[in-house]
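Participant: The chain contents come next:
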Amino acid sequence: MALECPKAKASLSKESAGRALDEQNKSTHSKNCVSGDVPGPNFTSQADYKSVLLKSASGFQSKKATVESSGSDDSAADSRRSITDLPQALVSEILCRLDAKELGIVSCVSTLLHSLASDNKGWRQFYCERWGPPVCSMPFGTELPEEKAWKDLFIEREFRSNGSWDMSVRIWDRAKLKCLKVLRHGDWVWSLVPRGSTVASTAGRDAYIWDIENGDQIAVIGNAHPGNAYSLARTHSGDLLFTGGGDGAIHLFKLTQETSSDDIKPVATWIPHTAAVHSLAFEFPWLVSCSSDGRLALIDVGRLEGWNFQPKQTSVGLIKNATNTDVTILT
Amino acid sequence: MSSGDSGPSSSKQLVQQPAAAGRSPNQPPLLGAGGRKVIVLKSGDEEEFEVDLLDAMQSRTLRRAIEDGCGDGPMPLPNLTGPVLAKVVELFRRHRGDPRWADELQETEKEGMFKDYAPQKPTAEVKGFDREFVSVDRDALFDLLRAANFLEAPGLLDVTCDAAADAVMNMTVEEVREYFGLVNDYTPEEEAALRKQHEWAFQ
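If you read the protein sequences in the order shown, they are chains A and R.
Be aware that the first sequence starts at 1, since it is given in UniProt numbering, and climbs by one per residue.
Be aware that the second sequence starts at 1, since it is given in UniProt numbering, and climbs by one per residue.
It should be emphasised that the hints constitute simulated quantities derived from the structure, not laboratory data.
Predicted, not measured: the structure shown is a model, and the values here were computed from it.
Where hints are given, some of them may not hold.
Over the 12 angstroms line for every Cβ pair with chain A, so calculated as not near, a few chain R residues [to be verified]:
| no. | residue |
| --- | --- |
| 1 | Glu48 |
| 2 | Leu53 |
| 3 | Arg93 |
| 4 | Thr123 |
| 5 | Glu125 |
| 6 | Lys127 |
| 7 | Phe129 |
| 8 | Arg131 |
| 9 | Glu132 |
| 10 | Arg138 |
| 11 | Ala140 |
| 12 | Ala165 |
Computed footprint of chain A on chain R; a stretch qualifies when at least three of its residues, placed anywhere within it, have a C-beta under 8 angstroms from a C-beta of chain A [claimed, not checked]:
| no. | stretch |
| --- | --- |
| 13 | 85 to 92 |
| 14 | 153 to 164 |
| 15 | 171 to 178 |
| 16 | 189 to 200 |
C-beta atoms are modelled at their ideal positions from N, C-alpha and C, and glycine is treated no differently.
One chain only, chain A, in its complex shape (with noise of 0.2 angstroms):
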């Protein structure tokens, strides 16, 4: 035992010696910036003092090692804490707690905190959360994004439009000129399209009814589609929703006065695209979109199975992935 401890011992005192080796570079460049401000005595670190003054004694730091030296042993022994003593994995351990917007305050600090903090990974893990991963059916075979880019990617849609889009809907009185209401989203507002008394818009991933009066929510149709619902389209009634998204589907939702927004779920789909599906326009029987897939699709709605199409029909039939058929695609 007490042959083989010594051998144990000095394996982990050479790994500390090899970190503290580490650290004292680092530590050396840190301290050009001593600020001569006084920390506490108790946590000062008697072992990196010393190894700092060895290493400054021989090198061109030596002003530095007259300074160290000439203090009091207790308070020249700590200069002031630097982030660079530290490792950057655990910098980058920091960094990772925070978020965009911290992130970008924080790559103005160094140059150091600017590549920790322009990590490819961490900002993939960011978009991904707040938009799911991209779509991987882009049109003209668009790849998916470049190493490096996510950051970017991530800024475009999170920050560069919100300067210019505030995510509201304003309803203005045409006579006079007022802004009347302000509808607040969560996202940005893709599409609007008023009915009546009410308007609908779609916001991200989310569809959602209005009531103009009173600017109160009627009805919110959360996660209508992954990534964005770009696009809207209503019946004249009003009580028939079209959604199109960047899944390149298209939902059909119905309203009714009871209309609880918790479990709305679309009573047809189609899939007429393979990209994000921007526009839609609905005349009856027709609903036609377009999609950066670069096609139209025309679907015939009155054709839907099971669908007598009376909209104020309480009792309706699920039709998922209607036909083919039913849609003809032009290109």
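Chain A is already provided as a structure; the job is to place chain R on it using the hints.
Facilitator: What follows is chain R alone, placed relative to chain A:
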């Protein structure tokens, strides 16, 4: 009589100058109050701390050393000071069974050594302790961070990194620079360009 004298005095010597004396192979392992095995950690400034062997396992560095058979004498940790080590040992004790590190133990489980170490969700008490633990000044926090890194203790790392991240929340660029003790190594032009590029973060 002489043998009776030499017994206690030699054991006392063991505690005081353990590195020199070492331990003979037939001695029983050090036992703590509850009859559990304890090890002794020695800080760079020669302070010694008893810590439950299983608690010490929260540190990968210590675990490696213990598995290498180094756990019988005081373990020298030259780059940790007494006050830092005191705090760390306290945290190890409070984090007993904390899933932040105990999950890992399940993988390395040997001979049922950790069977009474079932991971439990951190209780409110532990969370309170964690908050208290990092309510220290900046330099002390950096020392703890460095200790966490050296010891490779996930729970300690988690608590301290969270605290550092919390500290710089809502700070301006200058404040972060000050807090992290960093020099602005940008030219004024570079910094201006960078601020423009990141202006979304300043809104």
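Participant: All the hints need checking, so say for each whether the structure fits it.
Facilitator: Checked hints:
Look at Glu48 of chain R: its CB is around 15 angstroms from the nearest CB on chain A, clear of 12 angstroms, so calling it non-interface holds up. With a minimum CB-CB distance of about 15 angstroms to chain A, Leu53 of chain R clears the 12 angstroms threshold, and the non-interface call stands. The beta carbon of Arg93 of chain R is kept farther than 12 angstroms from every beta carbon of chain A, the shortest such distance being approximately 20 angstroms. The non-interface label for Thr123 of chain R is consistent with chain A: the shortest C-beta to C-beta separation is roughly 22 angstroms, beyond 12 angstroms.
Listed as outside the interface, Glu125 of chain R is consistent with that label: its C-beta sits roughly 23 angstroms from the nearest C-beta of chain A, beyond the 12 angstroms cut-off. Against chain A, the non-interface label of Lys127 of chain R holds: every CB pair exceeds 12 angstroms, the least being about 16 angstroms. Separation of Phe129 of chain R from chain A is adequate, the least Cβ-Cβ distance of about 19 angstroms exceeding the 12 angstroms criterion. The claim that Arg131 of chain R lies off the interface holds: its Cβ sits roughly 15 angstroms from the closest Cβ of chain A, which is beyond the 12 angstroms cut-off.
With a least beta-carbon separation of about 16 angstroms from chain A, Glu132 of chain R lies farther than 12 angstroms from that chain, consistent with its non-interface assignment. Consistency note on Arg138 of chain R: stated as away from chain A, yet its beta-carbon is not over 12 angstroms from all of that chain's, at 7 angstroms minimum. At the 12 angstroms boundary, the C-beta of Ala140 of chain R falls inside the reach of chain A, the nearest C-beta of that chain being 5 angstroms off. The Cβ of Ala165 of chain R sits about 4 angstroms from the closest Cβ of chain A, inside the 12 angstroms cut-off, so the non-interface label is violated.
Closer than 8 angstroms: that is the beta-carbon criterion, and the stretch 85 to 92 of chain R has 0 residues meeting it against chain A, so the requirement of 3 is violated. Using a Cβ-Cβ cut-off of 8 angstroms, 4 residues of the stretch 153 to 164 of chain R lie near chain A, which meets the minimum of three, so the contact claim holds. Closer than 8 angstroms: that is the beta-carbon criterion, and the stretch 171 to 178 of chain R has 5 residues meeting it against chain A, so the requirement of 3 holds. Against chain A, the stretch 189 to 200 of chain R contributes 5 residues with a C-beta closer than 8 angstroms to a partner C-beta. That satisfies the three-residue criterion, and the hint holds.
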